[in-house]
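Trainee: In the order they appear, the protein sequences are chains A and B.
For the first sequence, the positions run -15 to 509 when the numbering used here is used.
For the second sequence, the positions run -15 to 509 when the numbering used here is used.
Take these hints with a grain of salt, some might be off.
To be verified - Capping the alpha-carbon separation at 25 Å, the derived lysine-lysine pairs in DSS-like fashion look like this: (1) A/LYS404 / A/LYS300; (2) A/LYS404 / B/LYS186; (3) A/LYS186 / B/LYS186; (4) B/LYS404 / A/LYS362; (5) A/LYS300 / B/LYS404; (6) B/LYS300 / B/LYS404.
Read the hints as simulated data drawn from the structure, not as lab findings.
Every value quoted in this text rests on a predicted model; they were computed, and no experiment measured them.
Protein chains: 2
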Amino acid sequence: MIALVGFMGAGKTTVGRILAAKLGLPFCDTDAVVAARTGMEIRDIFRARGESGFRELEREVAAEVLGRGEGVVALGGGAVGDPAIVTHLHEAEVVYLDVGYDEAMRRVGADKGRPMLADDPRALFDQRTGTYRNLADVTVDANDRDPDEIASELALRFGGRGTNGVDRIRVRLGDRSYDVVVGVGVVARLNEFLPELPNAEKAFVVTHPNLRPYASEMLDQLTTRGLDARVVVVPDGERCKSLDVVTDLYDELAQNQAHRHDLIVTFGGGAVGDCAGYVASTYARGMPLVHVPTTLLAQVDASIGGKTAVNLTAGKNLVGTIYQPSVVVCDVTYLATCPRDELRAGVAEVIKYGFISDPSLLRSLIRDIDALLAADAKVTAAVVARCAAIKAEIVSLDERETGPRAYLNYGHTFAHALEKLHAFAGLRHGEAVAIGMMAAAYLAHELGRIDDGVVDLHREALSAAGLPMTALVELPELEEAWQLDKKYKKGVRFVLLSALGRPEAGVEAPRQALLRTLERLRSEP
Amino acid sequence: MIALVGFMGAGKTTVGRILAAKLGLPFCDTDAVVAARTGMEIRDIFRARGESGFRELEREVAAEVLGRGEGVVALGGGAVGDPAIVTHLHEAEVVYLDVGYDEAMRRVGADKGRPMLADDPRALFDQRTGTYRNLADVTVDANDRDPDEIASELALRFGGRGTNGVDRIRVRLGDRSYDVVVGVGVVARLNEFLPELPNAEKAFVVTHPNLRPYASEMLDQLTTRGLDARVVVVPDGERCKSLDVVTDLYDELAQNQAHRHDLIVTFGGGAVGDCAGYVASTYARGMPLVHVPTTLLAQVDASIGGKTAVNLTAGKNLVGTIYQPSVVVCDVTYLATCPRDELRAGVAEVIKYGFISDPSLLRSLIRDIDALLAADAKVTAAVVARCAAIKAEIVSLDERETGPRAYLNYGHTFAHALEKLHAFAGLRHGEAVAIGMMAAAYLAHELGRIDDGVVDLHREALSAAGLPMTALVELPELEEAWQLDKKYKKGVRFVLLSALGRPEAGVEAPRQALLRTLERLRSEP
């Protein structure tokens, strides 16, 4: 068990999550568990039950989590003051993320919800720093350093799999668990990552015409494994997500005498994953499925979590299943073949993760945006692994979207409606999501949920990526499109922020606020 | 906890299973658990480890099972000789099924595998009978009585739900568990059995044209509940299981702005359950689903276990999902509206349950066949509940058909191929299964797995029901049809009996034995 300690703002959660991904271990943040179990935010627990009430909950959770076999745990800043927790720490590898007082204050400055900062933060800092040093097996300088870099250094130290250039992120869903493999050139090593496939005789690689030439490496791997592997081509982009294409795929499988033990590999962007994933989930009541996503959007989002989808004339993604793959193999070398605008659209989903879960990701993104849009292998691999870890964590908590998985729809209620409106034909999904997040920021601002700073950060991140932030759209047309939204529950609901990294789902909005939002979406830069 | 004790042949497993269904409790047979855990038959455990080795395993399982909260347990005949088990029995309601020595010997006579009968069965009987009497809280005369009658008497005594004329059988699948409700006139009380349906606004009752007039009772119930309920009509029989009909249903749902919280009710035979169940599993990634099966085949088999299916030109049921309903409501009054030949075809699946799981069901069936084919409510309710309990038990053990669920395909490998061959157009599924079971009996006999008596019992049961037992079919045409069988694994495999009530899946058969089987299928009566 690896336990991360340090003052608030040291980056324990961010570094912990990346480290866990690199080591292929489960990650846990004790504050998040306390909040989830009580259904209250930490600051509200302090308010309602006082510090001692919070410490009691924290002690219980920490004992439980540190008592598990392997994993990475981020502890609350004050946990080291609890003798019971300290006893448990003696059996863990304790990593102290050492950050200076000024840097810590700068990082948490924006977050006024930290309950321990009320009295004398400097005294608290000095007192805790001594305890951290005493407990630490490893001390890491966390000033001015990227969380990825720190996590890589720690992964090397703890001898994880991350050291051979491959990150393996586990999506934990009981007997449906699987890995997301992220790295450079990993498709050339596909057989290392494939599941066992008892009784499989054939493999069907479903892809778009333009990717056909890139499929030979994969076919070689599958053939080496003894599978009769062939490529099946479907139309480009969203056009493949039709019931007609699905029917053609069923016929192709039947003609080739596919059986339920045989393998389907999807090779391409989110659309081919949606469509061929749907076919895999429904042919012979379900065949083994492997996703090899080639776009940034698919690598960081669409390929993880098991959603499959087909469009109807009446609406996008109206037909579909939740069907988990056996493994997702994200080879970032394919990103170099993507048009720059497609990469840019994918960045919208990265920004989404920043806002709903990991604000530090936004800073790295703004800093590295040029390298990312140039498909630099090192930068893309790090970004994809970080996003995959966030998505894996959310999906593991809530496979069927009855809880936190809804956060992933941040910006998407607006985006889906925009995509549906004919006027927006040709708008990329990521571009629609960018506009949708901007709208969500305005709406949260109109409802008094977030301040100007959070709205500005939306503008800053989206404009750094060169993503669109405005749309000429009227409320009645949106309302008509929302009627068929899958998340519609006796009225449309939104995912909105209540602070940076703090999303809330199922928020209703009065018509007036929506009208103001659309006005700002039309006029503000 | 209710524990059934008694000598071998007393009917502990059969009565226990029916009783558990009537009380809505889990059922467990300790012998079956020991066999499942070791992967060995009881007789082989005796052979390999001696009686003491078996008793050790039995003690462990009995302690675990009797230690659970509520349930019905059938104990092995000799379990009462173990002091540790007796201690546990002091906390259970012990029911002694009292059967005379001659009757017990008659019942187990056919089963030469009983290891304890080797020495002096009479002495064993006398010795154990004393122990049973001492332990019993209730003693029931089990000579010359129907297991249903005994179970009903016990259900009354233990105050179960079975007393108001409704049996509730639980399909245990974790958070996907549900009840199969069996009774007379239960659809008029539908709202008692429906799930909670948070946020549902609409209900779609999918049915065939000829059942449309019977749907009003159901619509009343749904409307009372505040749902906007409407009927959607699909073509009769297998014709509704096409991708075209599925597409029409999707469009109908989209036009009526159905959402994932809304309800789909299937009302009809297995075909409408397969097709509308498939739509429910794939529209908006899954809507709540309720089956109201109206045919014997659907009530005892198709509606339980979550299989949905659509046909392709290339083969039956090639597309589908595993998607569990929220409840299955079997109202046996509908069976009176079924043509006699349709009821007869459904009896084939009842006979199947007899051969794979509960041979005593065959005796009841042969005795009650006239009342059953006349749709007598009392007889049909008892038969449906018994079969539903068997299917529920198997599905609970193996939702995705990687193990014992395959036993349900007894006779079906032949049947599916027969249905596929054009020469057999018009053959009912149940009729094909009847021929298929006869073929499976011949094949098992050819392979030396079963004796003449078991083959004769196939003939006796099938001819009592007036089901077909012969077919003019050649091996090459069957082989072609098998190529696309979903169970095909590098060659076709069969479910065959190794004794009455002892199926085995995945059996390969040499071509010569298949040729002999088809010869007998053509010529023997």
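Trainee: Look at each hint and say if it fits the structure.
Mentor: Tested hints:
1. In summary, the hint linking A/LYS404 to A/LYS300 is supported, as the alpha carbons are separated by about 7 Å, within the 25 Å threshold.
2. For the hint pairing A/LYS404 with B/LYS186, the CA-to-CA distance comes to about 24 Å; that is within 25 Å, so the pair holds.
3. Taking the CA atoms of A/LYS186 and B/LYS186, the gap is near 43 Å; set against the 25 Å cutoff, the hint is violated.
4. Taken as a hint, the B/LYS404 and A/LYS362 pair is broken in the structure, with Cα atoms around 55 Å apart against an allowance of 25 Å.
5. For the given pair, A/LYS300 sits about 36 Å from B/LYS404 by alpha-carbon distance, which is inconsistent with the 25 Å threshold.
6. Distance restraint check for B/LYS300 and B/LYS404: the Cα-Cα separation of roughly 7 Å lies within the 25 Å cut-off, and the hinted pair is therefore satisfied.
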